[in-house]
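Trainee: Single-letter residue listing:
Protein chains: 2
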Amino acid sequence: MRIAILGGDGFVGWPTALHLSELGHDIHIIDNLSRRRIDTELGVQSLTPMDSIQERCRIWHDETGRRIHFHLLDLAAEYERLKQWLAEQRPDAVIHFAEQRAAPYSMKTDRHKVYTVDNNTSATHNLLAALVETGIDAHLVHLGTMGVYGYSSVGAPIPEGYLDVQIDTPGGPRPQQILYPTRPGSVYHMTKSLDQIMFQFYAQNDGLRITDLHQGIVWGTHTDQTRRHEQLINRFDYDGDYGTVLNRFLIQAAIGHPLTVHGTGGQTRAFIHIQDSVRCIELALADAPKAGERVRIFNQMTETHRIRDLAEMVARLTGARIAWLPNPRKEAEENDLIVKNDQFLALGLQPTTLAEGLLSEVVDVARKYAHRIDRARVPAVSAWTRDLAKRIEHDPEGKRLRSVS
Amino acid sequence: MRIAILGGDGFVGWPTALHLSELGHDIHIIDNLSRRRIDTELGVQSLTPMDSIQERCRIWHDETGRRIHFHLLDLAAEYERLKQWLAEQRPDAVIHFAEQRAAPYSMKTDRHKVYTVDNNTSATHNLLAALVETGIDAHLVHLGTMGVYGYSSVGAPIPEGYLDVQIDTPGGPRPQQILYPTRPGSVYHMTKSLDQIMFQFYAQNDGLRITDLHQGIVWGTHTDQTRRHEQLINRFDYDGDYGTVLNRFLIQAAIGHPLTVHGTGGQTRAFIHIQDSVRCIELALADAPKAGERVRIFNQMTETHRIRDLAEMVARLTGARIAWLPNPRKEAEENDLIVKNDQFLALGLQPTTLAEGLLSEVVDVARKYAHRIDRARVPAVSAWTRDLAKRIEHDPEGKRLRSVS
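Going down the list, the protein sequences come from chains A and B. According to the working numbering, the residues represented by the first sequence are 626 to 1030, in order. According to the working numbering, the residues represented by the second sequence are 626 to 1030, in order.
Pulled out of the complex, with its shape left as it was, chain A reads as follows (with noise of 0.2 Å):
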């Protein structure tokens, strides 16, 4: 298949387009390199070195005979171009990872919030509308977040995407399956849930073939195919905006800070190793809607586990201490998290659990690049609300730490 990989030099979409190569399919990377641009505003930078686009395809090609092809264009901003290319290539399948995709970030200020806003709708609407509009039939896969659910659990394990409901009628309950009534906890979140709502009528209007993975917190740097030469190594991002919080704990511990704990630790996250990200994503390319079926939905997790107890986790293999900062979140202090994933186990799925991988984690990569740590960008610092920003800035036990245990 001819698969155009959107966002291909991110995290996600780097190992995705060498595993598809891989497995033969001719790659075609589109990216505007605009996470390669937000590390230089923010002053950061992966703790794996990472090199250009253009030389880890490269490399790749010298290692494997396999070329990935590089296009410089902007989603958001060249639809005109986006189009023209489609017309073109006309790729079988698109994979959509071409969206700002830190929560912390997008919260940072209101010029964050306005260029998360603007940049991921108008992505992923003017590939709907050029796919539509050059009558391409390729299967749409999107990396969507478990993040759309909410944290607020209504009782019941969280079903993927849709929910099962009875509505009151005059002649009685009715039931209906409907879209999962969204709650999106930060801006980022917001543009997920935005892009259901495209997707949704896109599928039914235009017949367009589409599914959305509805992604945890994924974990874990290397895959069978970025271990294969030093240049191929995937980003590792551990700054307050891009890491997340397994990122951020592994750093600690490498350098002998305690891991920080927002809040109570109480809060319950899926999560997922990139390994299986990136072969989830092949096994639903294989498994397309047919045009005229609703958007097909999978939540894309293998397990979920509270802050409190990953900080645990990693303190027993490294010996780090744990500290407890305030929360600069708006979101419930403690929350449960039960989430069917049955879709892709039925489909063949054989999760590595954070249980048996994560001490490679510490010692392949958080200690072995340890000496590229700038440790003034561990801390989160992006407050979700004016009222929790001034909290946290007025809080006179000291600016960030509350205690350590």
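Since the hints were derived computationally from the structure, they do not count as laboratory data.
One copy or two, it doesn't matter: identical chains are merged, so the pair holds either way.
Computed cross-link-like contacts, BS3-like style, restricted to lysine-lysine with a CA-CA straight-line distance of at most 30 Å:
# : residue 1 : residue 2
1 : K1015     : K955
2 : K708      : K733
3 : K915      : K733
4 : K708      : K915
5 : K955      : K965
Fit chain B to the known structure of chain A by using the hints.
Mentor: Positioned in the frame of chain A, the structure of chain B alone reads:
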């Protein structure tokens, strides 16, 4: 109150500005005049001769001694100027009409789809981000559409924004009230569904006080204020993109053309007179939610009719015949529609019905300005999908007309 009216040069915005000015409020219209630019693009004009916004404001001052201020500002493109304006003027309320509002225009070409999504999404989100950033506790009243509900009934009357459902849980069914599952029927309607998600997020995260008005199809031209001077008259759109179905019938009757019904005419839609619309906005303004409350949603409509019944009503008044054409929209040929509007009735709204107001539209507007009608502009030409466009184009019975009765 100081009230900002975004989109105050438009069809509902202008009479709202007059109505609220007459009530003694300090009115500031913010508009980029995009609706006039679109008239120029399409080569059409309002049936009623419409002066510049500056001239209209001058006449209003001459007539009443009251000032309406006008600021040329593009809400979607000029975030920083918007923020600065809000910070300086600190309005008590903001009424947001500033979106591209024609479904057929939004479906014209891919360029129009992209414009509608980019413009409407950025306009709404810029406003929300700027309200948070400036810390202004203004009541935001937004003009939405009944179209977010979709027209496929769940078997019960459409409630005002929120639907009571039972969710199946392991412990038995559990009642919950959710945002009505959206099913927009055009790119334009879809942008109002996106707005809903953004309102929900900003009300929850930042305590913004928001009222969303799900409005039906507005008919009628005059309000008590627009009648006061020929140059205060409201716009009357009759072209295939911006003219709603009732206006099209009125114009067709005035020029002796058969009334064109698309499909079976069994589509049921909700209607409201422009005088009731501005009164509803006054009522909604006074009934603001508190910070932390969920978005308040009203159904802003007063009656429902099938399209063929409307055609027959106009035919009876004018003697016009009815022509049956293929339907360029992707929609159900027949639908029922029962809509709750208890909230506005409880607040004191006394509806103007089509049965009592239609004759004055025929005589005072359609016939009076019939000499200004451009016959070529009356047909609806935007097809909802490529298949529908082809089917209509290749109709061997003649491109548009199927039968006349």
